[in-house]
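Undergrad: Protein sequence lines correspond, in order, to chains A and B. If you use the numbering used here, the first sequence corresponds to residues 1 to 161, in order. If you use the numbering used here, the second sequence corresponds to residues 1001 to 1285, in order.
Please note: incorrect hints may appear among the correct ones.
Chain B is faced by these chain A residues, among others (derived, beta-carbon under 7 Å) [stated by the list, open to error]: (1) L10; (2) A66; (3) L69; (4) L122; (5) A124; (6) T152.
Ranges between beta-carbon positions, derived for each pair [as the list claims (entries may be wrong)]: (7) B:T1061 - A:T91: 44 to 50 Å; (8) A:L141 - B:D1080: 22 to 28 Å; (9) A:I2 - B:E1050: 52 to 58 Å.
Note that these hints are calculated values from the structure, not bench results. Keep in mind that this is a model prediction, so the values were computed, not measured. For each residue, glycine too, the CB sits at the ideal point set by N, CA and C.
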Amino acid sequence: MIVAVGLGVLVQATLLARIRLEGAAANLPLVIVVCWSLLRGPLEGALWGFAGGLLLDLVAGLPLGASSLALMAVCPLANLGKKSIFPGRSTLPVLLVLLATPVFGWIVLLARAMGGLAVDWLIATVRIIGPEMVLNALLTLPAYPVLRWLATQTRPTAMEW
Amino acid sequence: MAHVSNRTIFFFVLAAVCIVLLILSSSNRIAPVEGAAMQVGRPFLLAFSEVGRLFSNVITTARDLATLRARNNQLQTVVDTLTIDNLRLKETEAENERLRSLLRFAQLNPNYDFRGGQVIARVISKSPSNYLASISIDLGAEHGIKPGMPVVTERGLVGRIHKVGPLSSTVLLITDPSSGVPALIQRNRLVGVVSGRAGALPVMEYIPQDADISVGDLVITSGLGGGFPKNLIIGQIVEVRQRDYEMFQQATIRPTVNFDRLEFVLVITNFVPLPGEPGEPDSVG
Chain A
1 MIVAVGLGVL VQATLLARIR LEGAAANLPL VIVVCWSLLR GPLEGALWGF
51 AGGLLLDLVA GLPLGASSLA LMAVCPLANL GKKSIFPGRS TLPVLLVLLA
101 TPVFGWIVLL ARAMGGLAVD WLIATVRIIG PEMVLNALLT LPAYPVLRWL
151 ATQTRPTAME W
Chain B
1001 MAHVSNRTIF FFVLAAVCIV LLILSSSNRI APVEGAAMQV GRPFLLAFSE
1051 VGRLFSNVIT TARDLATLRA RNNQLQTVVD TLTIDNLRLK ETEAENERLR
1101 SLLRFAQLNP NYDFRGGQVI ARVISKSPSN YLASISIDLG AEHGIKPGMP
1151 VVTERGLVGR IHKVGPLSST VLLITDPSSG VPALIQRNRL VGVVSGRAGA
1201 LPVMEYIPQD ADISVGDLVI TSGLGGGFPK NLIIGQIVEV RQRDYEMFQQ
1251 ATIRPTVNFD RLEFVLVITN FVPLPGEPGE PDSVG
């Protein structure tokens, strides 16, 4: 899974960052973490969110820890899946990603604001988070089946002590 | 007392680590660690960047096919006009060369001041985050790169060096909302500040209400404040917003640089921003 997270960040930095809708790009690490939380539980998702977030911050030049915190914060959303009324196997991850995208975005923006940079919350929400929600939802459709297959090929990470 | 599971404790420990890292990173206390990590990741970014560029080219080509025929006809007309213009320009150029040598015009051309100090850098990645408009280049502190150095292409201003690692650096683009570039309108020398906007074209702000600006005007750096050199092209006005109840006008700028297709950039190394300017952000190197 660590390879998948590392690969996800590299693909994000070099490939997905070039494909933009209204100035925003899809967020593959976020999609991976949300789907993995749904497949393996929020705690394992949080672990990979922490690792992927650190890589993302190093590559993007964001304050270290900002993306990790934001990715970890979206993992508990996977608990909503336990009581899901949606029967489709791809509907739930798409809905969770739609929910997780603004949560992630606002936490990163908050980290930037705490770093002393001016943040226009309304414009950032409308112009970045909005298009990113659409792109992330579209990206979830092919990503979720791949991650589901990966989940069947690997064993859950042992985290009890 | 309610039982708290080990899993919950583990989650909150990770969150606490993130917050500590965030505080340390914002106060620039783990800059050497960040610099070392950037150095480790650089070869991977370089390798994947080539794949990304190829993929991007394929998508761009496919997108362009739809408008290719109409564009071809337009371009043919432009080529005819330019061929005639080119002949005229060659004559003018030859005459200009002679005049230059006579009048030592080259010494007065401000662009030449920076020519000796330029370093060519390869763009190795774009910011993977939607919340920071930046690119990474394959030059760092070991190549003489310092925070605040202006970054340009032959088309105009790209941004300034934001973070510097040993072998790579991050460039904050002029399209980032936290970027502010003192600028002026070339036609009438009116000054303002060009700021980036999230997910949209940058705008030139603080233009007086009674100022004469119009679509098509060229915007260049003013050099005021000492953060950027003077006379670097930023872009062209594509929209003017004037409201009677506001103190200033606002102009939307289309940058001359195509930020989606950046491959090589020039770093102006012999320009040092004045102390205290926004051109001196944190360094991680």
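Undergrad: A separate judgement is required for each hint: does it hold in the structure or not?
TA: Hints versus structure:
Because the smallest distance between the Cβ of L10 (chain A) and any Cβ of chain B comes to about 5 Å, under 7 Å, the interface hint for this residue holds. The criterion of a C-beta within 7 Å of any C-beta in chain B is met by A66 (chain A), whose closest approach is roughly 6 Å, and the hint holds. The interface hint given for L69 (chain A) holds, since its Cβ lies 4 Å from the closest Cβ of chain B, which is under the 7 Å cut-off. Below 7 Å, beta-carbon pairs count as interface contacts, and L122 (chain A) has none with chain B, the closest being about 10 Å; its hint is therefore violated.
For A124 (chain A), the interface hint holds, the least distance from its beta-carbon to any beta-carbon of chain B being 5 Å, beneath 7 Å. Violation of the interface hint for T152 (chain A) is found here, the shortest Cβ-Cβ separation to chain B being roughly 23 Å, above the 7 Å cut-off. A beta carbon spacing of about 35 Å between T1061 (chain B) and T91 (chain A) contradicts the range 44 to 50 Å that was offered as a hint. The beta-carbon spacing between L141 (chain A) and D1080 (chain B), approximately 48 Å, falls outside the hinted interval of 22 to 28 Å.
In this structure, I2 (chain A) and E1050 (chain B) break the distance hint of 52 to 58 Å, their C-beta atoms being roughly 24 Å apart.
In summary, the structure is inconsistent with hints 4, 6, 7, 8, 9 from the numbered list given earlier, while agreeing with the others.
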